[in-house]
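Read top to bottom, the protein sequences are chains A and B.
So the first sequence is numbered by the working numbering: it starts at 1 and just counts up by one.
So the second sequence is numbered by the working numbering: it starts at 164 and just counts up by one.
Source of the hints: derived by calculation from the structure; they are not laboratory data.
Be careful, since some hints might not be right.
As the list claims (entries may be wrong) - Under 8 Å between C-beta atoms, here's a sample of chain B residues computed to sit facing chain A:
(1) G172
(2) I174
(3) A176
(4) Q243
(5) I505
(6) H511
(7) T515
(8) A523
(9) E569
(10) F571
Note that the coordinates shown come from a computational prediction; the quantities given were computed from them, not determined experimentally.
C-beta: ideal position from N, C-alpha, C; glycine also.
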Amino acid sequence: MSDMKQLYQEVILDHNRKPRNFGTIPGANRHADGHNPLCGDHIKLSVNVQDNKIETIAFEGEGCAICKASASMMTGAVKGKVVQDAEIMVEEFRGMATGTLDPETQANHLGKLKIFAGVKDLPSRVKCAILPWHTLHAALNAEASISTEGEVDPVPGTGIGEE
Amino acid sequence: MSINSSNIGKIRADFPILGLQVSGKPLVYLDNAASSQMPQQVIDRIVRYQKEEHSNIHRAVHYLSELATKEFEAARVKVQHFLNAKESREIIFTRGTTEAINLVMHGYGRAFIGKGDEIVLSAMEHHANIVPWQMLAQEKGAVLRVIPMNDAGELLIEEFEALFNEKTKFLALSHVSNALGTVNPVKQMTAFAHRHGVPVLLDGAQAAPHQPIDVQDLDCDFYAFSGHKLCGPTGIGALYGRAQLLEKMQPFQGGGDMILSVTFEKTTYNVIPSKFEAGTPPIMAAIGLGAAIDYLNGIGIANIDAYVKELLNYATERVSAMPGVRIIGTAKHKAAVLSFEINGVHPHDVGTILNEDGIAIRTGHHCAQPVMQRFHVPATARASFAFYNTKEEIDKLVKGIKKVQEMFS
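Could you build the full structure based on these sequences and the hints that come with them?
The structure is reproduced here in structure tokens:
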């Protein structure tokens, strides 16, 4: 549980309080909606891709601190990246959050995003952290909306809905 | 004997899990509305059954089968007395409240509710008392009518009464709301429904653990509850059904034990309650439920009721005095549940941070999404109490909420 303390550290709380790249981009050419029905987390992503590069990216939405901070930091991390590199980060982030990639021992491009490594010990919160990244993947692949309850469910059976 | 500071320690000592450390802190278990904990007496009873009494029931003539049958049926009588049902054959063992409601939907609803008929539910139902009726309505072309509630989370009785007409065929209602804690005036509402000839199912999942239940006094036609919310095992619950209704209902599942005779041409169904208990039941869990009822009776349900109300009042007083915290569900009559939201903090963050201090609360929509929509929140944080909780634990909750507010300020 010591990872939990690391999860809610100042960087994440700060991004939750003052999310970066918050809003919409007029004339963006990629859009996607991400929804986590169990939590009510909802992310609207708009991305402008020019010459295979993410020129600008912004998000709007409501969610828990983990989800909002993850979205905020993601937008900063992928801005200026070519699409293929952003997709690699989607995979790496998903791997880190679900525990299949150890960012300390395995090569990756996550950098500051390693701050989210602690969610792997909180299965019910993994979806919150991953939602923005799934939404980015959907936007880059021209899927209009995704839900973490669908086939992309990263951790089956950890729904928070049962009584 | 009433529960108080001088005997609460002795009660807590019955529950081994309450001695657990979580995140290096003593466990503060405030998620009792989801599932309660099990005392050593029930654990011991289950172990004794498995070690000394287990066999299949209602079948063989050997010693163990006779013994297991006797203990299983004794558990049924305990449930009968727990609910003050007239006869033990009115008690059907189910997997829990959800299965009990589904049983009524299949056995009664599919036989007696048809096209254009109306089923009345309340706005505060758990999904378990919405979805089965919605499935029935879709299958039969029936219509769901919803009793609205006010901002305190109290049902609007005038509007409830106005819903009734000649098409109304069923009322399905929670006794106590799991998301809001509201205690509904179910006796009065049942009497009204009966004046229109409408049978009534009460979802007692949240009421049975905390207050004396008397199905004859309530005069309901069906009453459902779960064992694991009253210190028993999971996988067991019970449905009370009025004998005359159970007798004319269709079986729920087909299989062994629910038959009198079977040929490939025709099956004659067994009498109640066996008609509704196809296959080998969860014998161990049923006997465990019987032991849990014995345990609760030993303390006294009325004493539990009084003490848990005292805890709820204390928690309500403390939490409502906190700036930036809103209690969701402020009905005049409430039981055991304190749902709240902290301004600017998502409930899931609240839950995760409280867990760091060993405090277990529930966060989410509590399987009552229409309630969340009614109060315009995506989710709530919910502390729910049992008779083994203490005011000191509520103080820890309050301290935890303050810590969350400081982190997010």
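So which hints don't hold here, by number, going up?
Of the numbered hints given earlier, those the structure breaks are 1, 2, 3, 4, 5, 8 and 9, listed in rising order.
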